[in-house]
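Peer 1: Model the full assembly from the supplied sequences, consistent with the hints where possible.
In case you want the letters, here they are:
There are 2 protein chains.
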Amino acid sequence: MSKIKDEVLAANEAYAADFGDKANLPMPPGRGFAILTCMDARLDPAKYAGLAEGDAHVIRNAGGRASDDAIRSLVISHKLLGTNEWFVIHHTDCGMETFTNEVMGELLSKSLDTATVDDSGWHDTGAGPGSEEGRYINWLTISDQAKSVRGDVARIKGHPLVPKDIPVHGYIYDCKTGKLVEVTG
Amino acid sequence: MSKIKDEVLAANEAYAADFGDKANLPMPPGRGFAILTCMDARLDPAKYAGLAEGDAHVIRNAGGRASDDAIRSLVISHKLLGTNEWFVIHHTDCGMETFTNEVMGELLSKSLDTATVDDSGWHDTGAGPGSEEGRYINWLTISDQAKSVRGDVARIKGHPLVPKDIPVHGYIYDCKTGKLVEVTG
Numbered sequence: 001m002s003k004i005k006d007e008v009l010a011a012n013e014a015y016a017a018d019f020g021d022k023a024n025l026p027m028p029p030g031r032g033f034a035i036l037t038c039m040d041a042r043l044d045p046a047k048y049a050g051l052a053e054g055d056a057h058v059i060r061n062a063g064g065r066a067s068d069d070a071i072r073s074l075v076i077s078h079k080l081l082g083t084n085e086w087f088v089i090h091h092t093d094c095g096m097e098t099f100t101n102e103v104m105g106e107l108l109s110k111s112l113d114t115a116t117v118d119d120s121g122w123h124d125t126g127a128g129p130g131s132e133e134g135r136y137i138n139w140l141t142i143s144d145q146a147k148s149v150r151g152d153v154a155r156i157k158g159h160p161l162v163p164k165d166i167p168v169h170g171y172i173y174d175c176k177t178g179k180l181v182e183v184t185g
Numbered sequence: 001m002s003k004i005k006d007e008v009l010a011a012n013e014a015y016a017a018d019f020g021d022k023a024n025l026p027m028p029p030g031r032g033f034a035i036l037t038c039m040d041a042r043l044d045p046a047k048y049a050g051l052a053e054g055d056a057h058v059i060r061n062a063g064g065r066a067s068d069d070a071i072r073s074l075v076i077s078h079k080l081l082g083t084n085e086w087f088v089i090h091h092t093d094c095g096m097e098t099f100t101n102e103v104m105g106e107l108l109s110k111s112l113d114t115a116t117v118d119d120s121g122w123h124d125t126g127a128g129p130g131s132e133e134g135r136y137i138n139w140l141t142i143s144d145q146a147k148s149v150r151g152d153v154a155r156i157k158g159h160p161l162v163p164k165d166i167p168v169h170g171y172i173y174d175c176k177t178g179k180l181v182e183v184t185g
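Here the protein sequences line up with chains A and B, keeping their order. Heads up, the first sequence stops at 185 in the UniProt record's numbering, and the numbers go up one at a time, no gaps. Heads up, the second sequence stops at 185 in the UniProt record's numbering, and the numbers go up one at a time, no gaps.
Think of the hints as simulated: they come from the structure by calculation, not from any bench. One should not assume that every hint holds.
The list treats identical chains as interchangeable, and a pair is accepted whether it falls inside one copy or across any two copies.
Under the rule of at most 20 Å between Cα atoms (straight-line distance), these lysine to any residue pairs were calculated in the SDA-like manner [unchecked claim]:
| no. | residue 1 | residue 2 |
| --- | --- | --- |
| 1 | Lys147 | Asp93 |
| 2 | Lys179 | Ile71 |
| 3 | Lys147 | Asn12 |
| 4 | Lys176 | Phe19 |
| 5 | Lys179 | Ile156 |
| 6 | Lys110 | Asp165 |
Peer 2: Shown next, in the form of structure tokens:
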């Protein structure tokens, strides 16, 4: 048995025991917007943006990047479920700033196990076996957060399946303060 | 100005005002696991699975599908940030069960604006212009939730960049009760 699984199921039981009116929430987001943000464990978009269940779509991946899959999700969000305003929210101290495609391809070629990191960068545990597959993936790493937010907002706005009148706001979440800082320009 | 933006920023200000110890959370998830789930507005994974800030990675897209981008995120989650146990959580009454690739391609070819739905299916507003681009995307729709969970768990487990010893649990979240129901087999 898994300790984590037991903990998740116990927390879920407590949540479901006090579910109340949430059983009747409709499928389309009540407040008509969507947030694209990072999977980072320190981020809780419902808390940092004030969302209750039923309010908004939340899309999350490594970096909060405007990947093809994030755009798939955003287009479904607008076209079928009516969201009309979107937020792209990256954050300070993001793991995506700590490596490059080349580093990740090299690490994975040596071992699939978790690597270690120090001031000189990422190091493999040497636990092997690895796979060459990592060299064929674009990991969507980030070298500058403001630039990645601007680039992702531009990619979304310029996508042929995105209507020109949907506002797309760019923000950086500060992990030290909990604050959202707008990225302009 | 945007009313939604004002509301999000006001909620964020309140959250940041009581940020406390969260400023010191490290980047790697404290409880060492990751959840892949749907972007659906009714789902709050932090609440339904009992997560505090810092606990776990949360990856979300339309359907909670094991897309290439979700796998990119999961591999980063394990290889660089040490998660060792993953959950794939789809849900009842999912929007991804209401259409097919053909329906979405056809709807988008007529208009990018939000479609309407009734018992006979999706209908366009006729507000044009549309785009043919939607026909070139795999929307990863779902015809059977248990089957999609099993398929996504199998895709993740079989991926060449995923170590064989990472447990991947499959669940369906019930939107009427808030309960997680395990998908076995």
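Peer 1: When the hints from earlier in the document are held up against this structure, which numbers fail?
Peer 2: 2, 3 and 5
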